[in-house]
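Residue numbers (my numbering), protein chains in the order written: chain F, 2 to 262; chain A, 14 to 421.
One should not assume that every hint holds.
[To be verified] Just some of the chain F residues that point at chain A, by a computed CB distance under 8 Å: (1) Met-18; (2) Val-26; (3) Tyr-28; (4) Gly-95; (5) Leu-99; (6) Lys-102; (7) Tyr-104; (8) Leu-136; (9) Lys-137; (10) Phe-171; (11) Arg-173; (12) Asp-174; (13) Val-175; (14) Val-179; (15) Asp-229; (16) Phe-233.
[Stated by the list, open to error] Derived DEER-like restraints, expressed as beta-carbon distance ranges: (17) F:Asp-98 to A:Tyr-25: 46 to 52 Å; (18) F:Gly-139 to A:Ala-155: 38 to 44 Å; (19) F:Asp-98 to A:Trp-300: 46 to 52 Å; (20) A:Ser-214 to F:Asp-98: 42 to 48 Å; (21) F:Val-238 to A:Thr-102: 17 to 23 Å; (22) A:Gly-110 to F:Val-249: 52 to 58 Å.
By construction, these hints were calculated from the structure, which means they are not laboratory data. The beta carbon of each residue, even a glycine, is placed where N, CA and C say it ideally should be.
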Amino acid sequence: MNDELQELYRYRELLYMITYRDIKVRYKQSIMGFFWAILMPILIVMSGVVVRYAYSMVAHAPLKTADIASVAIKSVPWAFIVSSIRFTCNSLTGNRDLVVKIYFPKEIFPMAAVLACLFDFFVAAGALMVLLVFLKIGVSIYLLWVPILLATMVIFCVGVGMILAAASLFFRDVKYIVEVLLTFGIFFTPVFYDVRMFGDRGKWLMLNPVAPLLDGLSTAIAHHQSPDVYWFMYSLVFSLAAFLGGFVLFKHLEPVFAESI
Amino acid sequence: MSDVGLRMEHVYKKFRKGEVYNSLRDLVPALTGRMFRGLELDARDKREFWALQDISFEVKHGESLGIIGHNGAGKSTALKILSRIMKPTKGRMIVNGRLSALIEVTAGFHPDLTGMENIFLHGTILGMTKREISSKLDQIIAFSGIEEFIDTPVKRYSSGMYARLGFSVAAHVDPEVLVVDEVLSVGDYVFQQRCMERIRSVIEGGTTVLFVSHNLKSVTEICKRAMLLDHGKVVTIDETDTVIRKYLSAGSTKAIPEANKPVHISNVRIRDRAGEQTTFESGQTAWVDIEVTAREALDKLSVVIWFADETQYIIFDTSTERLGYQPFSLQPGGTYRCSFELTLNAAHGTFHLCTAVHRYDIQKTYDKREPAATIFIGSTMAVRGSVNCFPKLVESSITVSANQPCEV
């Protein structure tokens, strides 16, 4: 494992180049350019606002700006997770020539896919910041949680991404299953709603490892409070386990990639 | 560092053929089926085959080894194992130093990126650092000869330009071990020559080279020693010429394709005084015997023979009619035989003997065998090219003009 990590470190420039390629190609291909990066987040935020508006109608409570901010804060990282997983899934099968013909650590592909999506995320986050300023959400010390939560999210995506990339190399229908899961995943993840709306049963929803991270972001940014540390630890442990497990599995399967793809 | 550039020790590689489950939709029913019925294990063994069996060889540091063999002999598999793309099922291999593979020179390209961006992308994929690429950038661009289009996306390139840029990047990696697989089939003649030049200079620079090609002539030019593979096994490792002779003599007994043609070439033989032969000396006399059998009655036939070199270029061409013989007619079941006597004034290399039954007045070819046989012509390395003009140096002198100062 140590050797493998060292080798990955030696190839860090390649990780950078493949990420650069993925970003460049995506922005070159679409005339919309940067708009592409914020299109999906905008759609998710808008649907979130619609859903939240419906809640407030039913509850006869006015829709607060903090609620809109919370939906927006959770939507942008959710869009990142969805696109990361979608792109990692195809990251090996979409680079068939390189997998078959040239040797280098292949985990670079899912990693680069996540990093390219992270770039999109930062573009969208820029737009989100403008929105938050407009909604008059102030700053607080709890913003220091944000990089920690995001880092955990990236580790989670890379871990799951490595597993899915390898799985879809062997089984071509994995990507369809993943697509379905991603489409309906939003209903099981507190993006549009808040786990506290479910009272005690909310903890079952927090078992989704993404939930504490999204909830933590919204708590820290919109509500100026510290996220629940225990749930965060749960997500962190889950993400690290996914990363290490994914890495070991990926490295175990890597020697047969070229003949199985 | 030891003097071994690379070594394989008893390497085996097994592949599974036939159906492999590549979707969960197929796998899940198969697994449940196996659970209930119990699949016989030996059925699984039958689907396996060994692409490489007990391959052992060693290339000394700075040496070059050619690998030849028919399609499916295991050449590419061996290279993939050496370049670590595949893992051997059994066995061990040692590679000393940075290995670079010219297996697919454009694999790292992305069509939407410009030539310049692709140089960096492909270079990094091949294991160079960004600094290394920057320092060699001018050389790479100059070698490819496409300075003008370097800022154009490569999807607008012609396939030749594409390949040239790919080779240029790959050729500047400066590896300690270079693995070359059939890359010279790209580009025009001038570029191919430049590639060969580059590989030669890499060898002179002390790089260990492993060279796989169907172009036997390039193998003789580049490698002193060669290895012949057949069905995943090493047949021989020896001097390149000896190995090529062995390769050609093993391949000469090909089955004659049985076709429903009105007339077909039923036998072709190339021989010297002693009998059937596949290797000749330059300038030697050879005889080509051809047998043509008819199923239907046909008139005005001629037999054409020609030699093609490895680029499929026809270097020699003749026919019974052009040699002054009247076209012949055949009845159903009739057989025509003829023998050509040829002086093989060809230079060192391999040549394909091809033959056809042709009717000139209506320009119809009834049967064609391309190639009917492949021969190897050996000559001194003093001559290169396609033909041997048997040169003799009859004068060699230097004249110094009296009023020009000359420094020695």
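> Hey, does the Tyr-104 of chain F contact hint survive, CB to chain A under 8 Å?
Replying inline: Since chain A brings a Cβ to about 4 Å from Tyr-104 of chain F, closer than 8 Å, the hint holds.
>> The hint names Val-26 of chain F as touching chain A; please verify it with the least Cβ-Cβ distance against 8 Å.
In response: holds (5 Å)
> At a threshold of 8 Å, is the proposed contact between Leu-136 of chain F and chain A supported by beta-carbon distances?
Replying inline: violated (38 Å)
>> Restraint: Lys-102 of chain F near chain A, CB-CB cut 8 Å. Satisfied or not?
In response: holds (4 Å)
> Going by Cβ atoms only, is Arg-173 of chain F closer than 8 Å to chain A?
Replying inline: holds (5 Å)
> Does the Cβ pair Gly-139 of chain F, Ala-155 of chain A satisfy 38 to 44 Å?
Replying inline: violated (59 Å)
>> Looking only at beta-carbon atoms, does the pair Ser-214 of chain A, Asp-98 of chain F fall within the given range of 42 to 48 Å?
In response: violated (28 Å)
>> Tell me if the beta carbons of Val-238 of chain F and Thr-102 of chain A are separated by a distance inside 17 to 23 Å.
In response: With Cβ atoms ~38 Å apart, the hint is violated.
> Holds or violated: is there a CB of chain A closer than 8 Å to the CB of Met-18 of chain F?
Replying inline: holds (4 Å)
> Are Asp-98 of chain F and Trp-300 of chain A spaced within 46 to 52 Å by their CB atoms?
Replying inline: At 48 Å between Cβs, range holds.
>> A range of 46 to 52 Å was offered for this pair. Does it hold for the Cβ distance of Asp-98 of chain F and Tyr-25 of chain A?
In response: violated (27 Å)
> Holds or violated: Phe-171 of chain F as interface residue toward chain A, Cβ cutoff 8 Å?
Replying inline: Holds. Min distance 7 Å.
In this structure, the hints that do not hold are numbers 3, 4, 8, 9, 14, 15, 16, 17, 18, 20, 21 and 22, in rising order.
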